[in-house]
Structure formats: structure tokens, C-alpha cells
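*Asks:* Based on the provided sequences and hints, a complete structural model is requested.
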Amino acid sequence: MLSFAKPARHQNVEPEEIGPKKLPWGEGERLQKVLAKAGVASRRAAEELIEAGRVEVDGAVVREQGLRIDPNTAVVRVDGVRIVVRDEQVYLALNKPKGYQSTMSDELGRPCVGDIVAERVMAGQRLFHVGRLDAETEGLLLLTNDGDLAHRLMHPSFEVRKTYLATVDGEVQRTVGKRLREGVELDDGPAKVDKFTVLEVGEGRSLVRVVLHEGRKHIVRRLLAEVGHPVEALVRTNIGPVALGDQRPGTLRVLGRDEIGKLYEAVAL
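So for the sequence shown, this note's numbering puts the first residue at 1; every next one is plus one.
Each hint should be verified, as a subset may be incorrect.
Computed cross-link-like contacts, DSSO-like style, restricted to lysine-lysine with a CA-CA straight-line distance of at most 27 Å [as the list claims (entries may be wrong)]:
hint, residue 1, residue 2
1, K262, K195
2, K192, K262
3, K262, K33
4, K178, K192
5, K195, K178
Just so you know, these hints were derived from the structure itself, not from any lab.
*Replies:* Right under this line is the structure:
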């Protein structure tokens, strides 16, 4: 909780500065205009949010109407959720089709993610993918030009969970889930899942849901093969708070404000 207590009158230590940096007159943009451009609310509704004390800039609640901020450096939150206020930032969800490489170009001429976003790149957007999926795996891949967010999403210390649906060979027994949650030994060390659910069983195969924050190469395929159920088809459906939903293979969609805010929250930005 924020504290507005003032230092004791005779205290010699200077209080740490917190809150938005005061910009010279005429510089920056008005806060309500920045909120409106970010899609939070109309300018009038943004003024009401500020008046209600629901907006923070650089860690301090702002109630001053007309405050000017630098959208390139200010950290703005509404109801505790960080808002993207920089015009040039791009956040996309791609449903990567099977057979596509998770690269922006391929020296062997194979289909790749770069082919799908070629028009955006030619228009000047510098995009890169967050992590990768092997060519035979379909599903959710995030693309952005926000380096800080991408780095944290890929860093194992933030333990961002990914969810996969796998069709596997054989009829999976209950003991398999327990074994995967406790951990199995792979050739590069032990690994385990966070959650494992059997969704369907029949005709010599099973559909399972796997949730884990591991990022090692082919980790889902290797884990399932290790417990005797090689993967026949694999789709990533979620990265943290972002879901693939009914998005068609090969299509892009722009992430919503709430999704971006939750991604920031997941990696403590």
C-alpha cells in the first residue's frame, strides 16, 4: 500500500523521490490523452479515473489533471495493471502452423514465421519471436519489439507457464501424471510438469494437457516419450495469461490491453 506519510521535521535524510518526473512546460503529453491513445478510456473517462485515484505514474497515485508525462519512459498503471503507452510497441499472437520454422528467415528456404509477418517487417516494424516452437508443433507464439518483456518471458527465473495439448500414442494411465509431476530424468537433467490432465482416451491413443514452465528444447515431446507415450501431434494453447482460443493457423492478432498488462505483471515489469 502506498504511504503518503511525510518525514519527521528534523530528520536529515532526504526522502527518496517517487512519482512522475516533472517535465518542463510544453514537453511530454497530458496523462489523460496518453490513456485515451492507449485505449484505456475516452479522454473524459480518463479524467474521471485520475480524479478517483485509480491511476499511478512511476509508482505514485496521480490526481492532478493535465499532468504531462513522457510516454517513452513513464510507467503507468490503472487499477494496478500496467498500461502500454508507447506508440511504437507491437504485441502480436501468432498461431504458428505445422511445418513452419520459428525463425524470421530460413537459409534453406523453408516456410518460417518471417514469411507470415513479412509485410509488417517491410513496413519498418522490427519484430522478434518470444521463444520458439519446433517445426512440427503448432500453436501460440508471441511476437513483439518490446525487448524487456521478451527477455523476461523467456528467462526461466520468472517461471511463465505454457500449456500444450498433445495427442500421444497409447492409453495413458493415472500413474503417468503422478510420475511427470514428481519429475523424470532426461539426458540433460531432471524435468517435471506443473500440471498434467488426461482429457480423452481411446483407440490406442490419448489426448492430454501439459502445463509447465520448463523451456528446454523439445521438452514436452521428450517428457512424454520418456514415460512411454510418444507425441503424435502437439499444439501450444497458452503462454501465461495469453490464450490461443479459436485463432486459425497462420493468422495474427494484436494482443489486448488486459493481456499485455497481465504479461507485464507475470514478469514483474
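*Asks:* A separate judgement is required for each hint: does it hold in the structure or not?
*Replies:* Comparing the hints with the structure gives:
no. : hint          : result
1   : K262 <-> K195 : holds (21 Å)
2   : K192 <-> K262 : holds (25 Å)
3   : K262 <-> K33  : holds (23 Å)
4   : K178 <-> K192 : holds (10 Å)
5   : K195 <-> K178 : holds (9 Å)
The structure shown violates none of the earlier numbered hints.
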